[in-house]
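Top line first, the protein sequences correspond to chains A and B.
So for the first sequence, this note's numbering puts the first residue at 1; every next one is plus one.
So for the second sequence, this note's numbering puts the first residue at 1; every next one is plus one.
Be a bit skeptical, because a hint or two may be false.
Intra- or inter-copy, both count: the list cannot distinguish identical chains.
Said to hold, decoys possible - In silico lysine-lysine, DSBU-like type, Cα no more than 30 Å apart, as pairs:
no., residue 1, residue 2
1, 60, 192
2, 192, 65
3, 56, 10
4, 192, 109
5, 192, 74
6, 65, 178
7, 74, 114
8, 178, 109
9, 56, 192
10, 178, 10
11, 114, 178
12, 74, 10
13, 109, 60
14, 74, 60
15, 74, 56
16, 109, 74
17, 178, 56
18, 56, 109
19, 10, 60
Keep in mind the hints are simulated off the structure, nothing from the lab.
All figures in this text were calculated on a predicted structure; none of them were measured in a lab.
2 protein chains.
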Amino acid sequence: MNPGDHPFFKVVEQRVSARNYRPDPVPQEHLELILNAARLAPNSGNQQACRYLVVKDREKLDELKEACIINREKVLRARGDEVPEESAIREHYDVVFSAPLYVLVLVDKTVRYKGYEQKDGSLAAAHIILAARALGYGTVFYTDSIPEDLCMEHLDIPERYSRTCIIPIGTPERWPEKSDRLPLSELVFLEKIA
Amino acid sequence: MNPGDHPFFKVVEQRVSARNYRPDPVPQEHLELILNAARLAPNSGNQQACRYLVVKDREKLDELKEACIINREKVLRARGDEVPEESAIREHYDVVFSAPLYVLVLVDKTVRYKGYEQKDGSLAAAHIILAARALGYGTVFYTDSIPEDLCMEHLDIPERYSRTCIIPIGTPERWPEKSDRLPLSELVFLEKIA
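Input sequences plus hints: build the corresponding full structure.
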């Protein structure tokens with residue numbers, strides 16, 4: 001086997017950010033495999049700062065969606081940007097909230113090695129995203145599309161946590177095209193930054 | 001095949017933080033597979049803020065090691081901690097610098113979506129670490145063991161970059177034991193943080 005034929009690399013190559021999902025549920029067995037991969041991610045001084053909040057409850061997700069729609073209009077107005085029809089914003093958020101489940105990656109800010117827990121959160125998120133893809137699911141690493149403060153409020157998250165991201169997991173309506181990436185030659189430097 | 005039998009999960013389960021390496025070089029083909037996995041990691045708004053500095057030059061690594069040894073003693077003194085013999089600090093850093101190569105994950109602070117590039121750096125680092133493990137290599141996500149400011153100075157890194165971490169890649173002298181982790185039941189919450 002050529003080293004690049006290891007199935008790990010196929011998972012990496014097939015991963016794309018998906019936004020539009022079918023409502024089909026993710027079996028508990030799969031969710032546990034995905035979260036266990038997060039559990040085993042590298043972390044600072046083994047402080048295990050990450051916690052995972054799984055949200056499937058449609059009522060809660062709808063409440064969060066409505067809050068996002070109202071917030072989006074406010075943010076655009078405050079910025080002086082053009083505000084689209086409410087229906088367009090709603091349509092956008094119907095897509096954002098189309099997945100059957102969402103995992104919030106939270107980090108405990110009261111841990112020993114402060115500051116590093118933010119890195120731990122992203123390391124765990126990378127494991128979630130790749131594990132989900134290995135099982136055939138789409139994901140996306142959402143931050144401001146679903147603002148942290150709205151999650152804290154509507155999902156009743158204690159203040160000791162900070163949110164790294166919120167990740168929908170589900171079967172994409174269709175797999176999106178991969179985004180263009182710069183070639184390795186522009187990203188990698190040997191011995192010295194040119 | 002059971003879903004958990006996907007080779008991705010084996011890579012995750014086998015990954016541990018390794019510190020003590022054999023000097024055997026990492027073939028260029030393997031390094032490129034590893035860095036290409038980083039290139040394909042999720043990132044904010046496809047801004048591609050991450051750059052990878054590969055350092056193999058033993059002279060440069062030795063210079064950085066000497067700087068780390070001097071710095072370590074200073075930090076301990078400043079903290080009022082007990083300062084071990086210089087030989088003990090040196091022995092520690094002989095291990096830290098035992099790998100045949102080091103990848104610094106750098107993020108460009110001048111990108112469009114500021115703040116998010118730090119998350120991008122850790123996502124890319126997770127891909128490097130897993131890709132290396134898939135190919136049989138050990139790694140560890142170093143931050144303060146090899147302080148960022150010493151890397152900036154001794155590896156001549158422009159100020160526009162911030163360092164996410166520095167990752168040795170190589171064949172471990174021996175594979176360390178896995179660190180203990182909390183069970184999933186203490187890390188995962190359904191619908192609400194208990």
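Using 30 Å as the alpha carbon limit, work out where residue 65 and residue 178 are close: within a copy, between copies, both or neither. within (27 Å within a copy, 40 Å between copies)
Next on the checklist: Regarding residue 192 and residue 65, is the shortest C-alpha distance of 30 Å or less found within a copy, between copies, in both, or in neither?
Outcome noted: between (47 Å within a copy, 17 Å between copies)
First find the shortest C-alpha distance between residue 192 and residue 109 inside one copy, then the shortest across copies, and answer within, between, both or neither for a cut-off of 30 Å. between (35 Å within a copy, 18 Å between copies)
Report task. With 30 Å as the alpha-carbon cut-off, assign the pair residue 114 and residue 178 to within, between, both or neither. Result -> between (35 Å within a copy, 23 Å between copies)
*Go through the copies and call it for residue 178 and residue 10: within, between, both or neither, with a Cα cutoff of 30 Å.*
So residue 178 and residue 10 pass the 30 Å test inside a copy (13 Å) and across (26 Å) alike.
* Asked: Can you tell me if residue 60 and residue 192 fall within 30 Å by alpha carbon in one copy, between copies, both or neither?
  -> between (50 Å within a copy, 10 Å between copies)
**Prompt:** Taking 30 Å as the upper bound on the Cα-Cα distance, should residue 56 and residue 10 be classified as within, between, both, or neither?
**Reply:** both (29 Å within a copy, 28 Å between copies)
*Go through the copies and call it for residue 74 and residue 114: within, between, both or neither, with a Cα cutoff of 30 Å.*
between (33 Å within a copy, 21 Å between copies)
How would you classify residue 74 and residue 10 at a CA-CA limit of 30 Å: within, between, both, or neither? neither (42 Å within a copy, 46 Å between copies)
Checking an output row: residue 74 and residue 60, CA cutoff 30 Å. Within, between, both or neither? within (21 Å within a copy, 52 Å between copies)
request  = At 30 Å max between alpha carbons, let me know whether residue 109 reaches residue 74 within a copy, between copies, both or neither.
outcome  = both (29 Å within a copy, 28 Å between copies)
- Intra- versus inter-copy proximity for residue 60 and residue 109 (alpha-carbon distance at most 30 Å): within (25 Å within a copy, 36 Å between copies)
When each numbered hint is compared with the structure, violations occur for hints 12, 19.
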